Amino acid sequence: MLEADIQLRLSRLNLDAAFSVASGEVLALLGPNGSGKSTTLRALVGLLPLAGGRVELDGTVLEDPAQKVRVAPEKRPIGLMFQDYLLFPHLSALENVAFGLRSRGTDKKAAREKASQTMARLGLEGLAEAKPGSMSGGQQQRVAMARALVTDPKLLLLDEPLAALDVSTKTDVRRLLREVLSQSDAANVLVTHDLLDAVALGDRMVVIENGGIVQTGTPAEVTARPRSRYVADLTGVNLLRGTAQGTQLDLDGGGQLTCANPATGPTLAVIAPAGVSVSRQRPEGQEKNTWPGQISAVDLMGDRVRVRIEGKPAITAEVLPAAVTELKLDDGGELWASVPPTAITVYPP
Amino acid sequence: MEQQKQPFNPLLAGLAALAALFFVFPLIGLVTGAPWGHVGSVITSKSSLDAIQLSVIASLSSTVLALAFGFPLAWVLARGQFWGKALVRGLTTLPMVLPPVVGGIALLLAYGRRGIIGEPLDKATGISLPFTLAGVIVAESFVAMPFFVITVESGLRAMNRRLEDAARSLGASRGTVFRRVTLPLIWPSLAAGTVLTWSRALGEFGATITFAGNLPGRTQTVPLAVYISQSSGRMDEAIALSLVLVVVSLVVMIFTRGRSRTS
Chain A
1 MLEADIQLRL SRLNLDAAFS VASGEVLALL GPNGSGKSTT LRALVGLLPL
51 AGGRVELDGT VLEDPAQKVR VAPEKRPIGL MFQDYLLFPH LSALENVAFG
101 LRSRGTDKKA AREKASQTMA RLGLEGLAEA KPGSMSGGQQ QRVAMARALV
151 TDPKLLLLDE PLAALDVSTK TDVRRLLREV LSQSDAANVL VTHDLLDAVA
201 LGDRMVVIEN GGIVQTGTPA EVTARPRSRY VADLTGVNLL RGTAQGTQLD
251 LDGGGQLTCA NPATGPTLAV IAPAGVSVSR QRPEGQEKNT WPGQISAVDL
301 MGDRVRVRIE GKPAITAEVL PAAVTELKLD DGGELWASVP PTAITVYPP
Chain B
1 MEQQKQPFNP LLAGLAALAA LFFVFPLIGL VTGAPWGHVG SVITSKSSLD
51 AIQLSVIASL SSTVLALAFG FPLAWVLARG QFWGKALVRG LTTLPMVLPP
101 VVGGIALLLA YGRRGIIGEP LDKATGISLP FTLAGVIVAE SFVAMPFFVI
151 TVESGLRAMN RRLEDAARSL GASRGTVFRR VTLPLIWPSL AAGTVLTWSR
201 ALGEFGATIT FAGNLPGRTQ TVPLAVYISQ SSGRMDEAIA LSLVLVVVSL
251 VVMIFTRGRS RTS
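Residue numbers (this note's numbering), protein chains in the order written: chain A, 1 to 349; chain B, 1 to 263.
To give an idea of the chain B side of the interface with chain A (calculated C-beta under 8 Å), a few residues:
| # | residue |
| --- | --- |
| 1 | R162 |
| 2 | L163 |
| 3 | A166 |
| 4 | R168 |
| 5 | S169 |
| 6 | L170 |
| 7 | V181 |
| 8 | P184 |
Label-pair restraints from in silico Cβ distances:
| # | chain 1 | residue 1 | chain 2 | residue 2 | range |
| --- | --- | --- | --- | --- | --- |
| 9 | A | T235 | B | W83 | 50 to 58 Å |
| 10 | B | R174 | A | L10 | 21 to 29 Å |
| 11 | B | K85 | A | N33 | 25 to 33 Å |
Keep in mind that the hints were calculated from the coordinates and are not lab data. Because the structure is a prediction, the values reported are computed rather than measured. C-beta atoms are modelled at their ideal positions from N, C-alpha and C, and glycine is treated no differently.
Can you make the complete structure from the sequences, with help from the hints?
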């Protein structure tokens, strides 16, 4: 069980993030570049001293600036896998994997044996003597994983473990990683900016932006009810903010929507692009939830087309490719959007 | 990667050949001009052996000093953060571009019998550096150590320091990190710096003769002996001793080239 309250003052970022991870649980730390995800891991492992807060792992305080407690990085029972792996170029794969055991005092023979076992578990048989420079990206990734796992850490930190892989390797390694994480009884923290990784591997998600936590929940909760533009963009939904009075929602940027479910006070509303229909003329006999705007972008997404309409509110609609010709969307100009009240999900911020 | 073959350019090839020959002829001159009949006896004469012995002792000593003091200096210059670092780097590497004889004069004014450090040192302990083996070592260190510092510093700068973070996160103490990660990674520049320093010390002339003098058997190293032999008309001796230095330099060069290619 990890209980962390990370407070750091850095030149380009103030980090303030408190979260806990149960043993055996996988916490996905999701956020845009520069939001403080990797910094959080560096702080947990002890490479960046905390300005404030506290880190406690399985009942042992690792760091507490107020009490002047700070366990050195090499004394923490933590495994960290770096985004760029940071394998030692002068050591063989086996020596890389055995490094953590050797450093912690295991004798050479036992360390090599345990390292071989861990490598075999990750499908790295026959690569023991290979140097990192002669291995493929996927092999390096698995050696890095083995190196972090081999010491049986109580806290396993994975920094963008799949980011450096090409698409074809990614799927296989993600499956392997899921298997490894499901067998792990450590507290696991996975940093990613890929929603798919977070959903596929995480039991719980923490969304971090500009050094602060903006949302916590299961992947299903977070994706169904995003609380920030960042997550909404990742899932590809329209996220609107406003103030509700019953089924009436006054949007912050102007505009008004009628929702199927009532709410009061500050409210978030999510509208799936597929729930938005478009037309060149004002739709007949429809007053509510219908508004015009200028087309600002038309993008092909798989077998659908997304149209961005800059009205009040600005919204993204999803249409069939046939509509591009039919409605001459490429010409730009004015387009009407309409949304049925049942397509709007409202929830408090 | 396969490089595209360059088309033949006669002008370029001609100039390159001239440049290569420029370096080859002096060597041919040394080899053809050598008194092959009695090279052995010249080299094994008492004065020659003295000079060779002095050169070996002094150059190795200054190399050891470069390792002992130059390494910490290189480390601080590569990793330390302090005001005036650029100035310190400039001053400590100045001897690389300074005419060695100027270095010798400067050494006299600092560590000579009347020097700002030398005089109080002489008064307090009776130790005086000029005209001693220690003086030779000081002169050679002054000229040669900057090569070590600059090579090792650039090696330290070039290495990915995050590998040290990785090692620490894997439970390695600072000492283990240094021994198992830092040292192996900077090994090529450490070796290159050592060899450069040693060969520069071995060939040192100007600062040595100015600061330590030219006392046969005490401060007369091989380069000094070569110079004295030549200027007093004992050309055979000068050539024979020069050949010794040429052979040593060639061996060192072949050894280091071979190493840097494998690493």
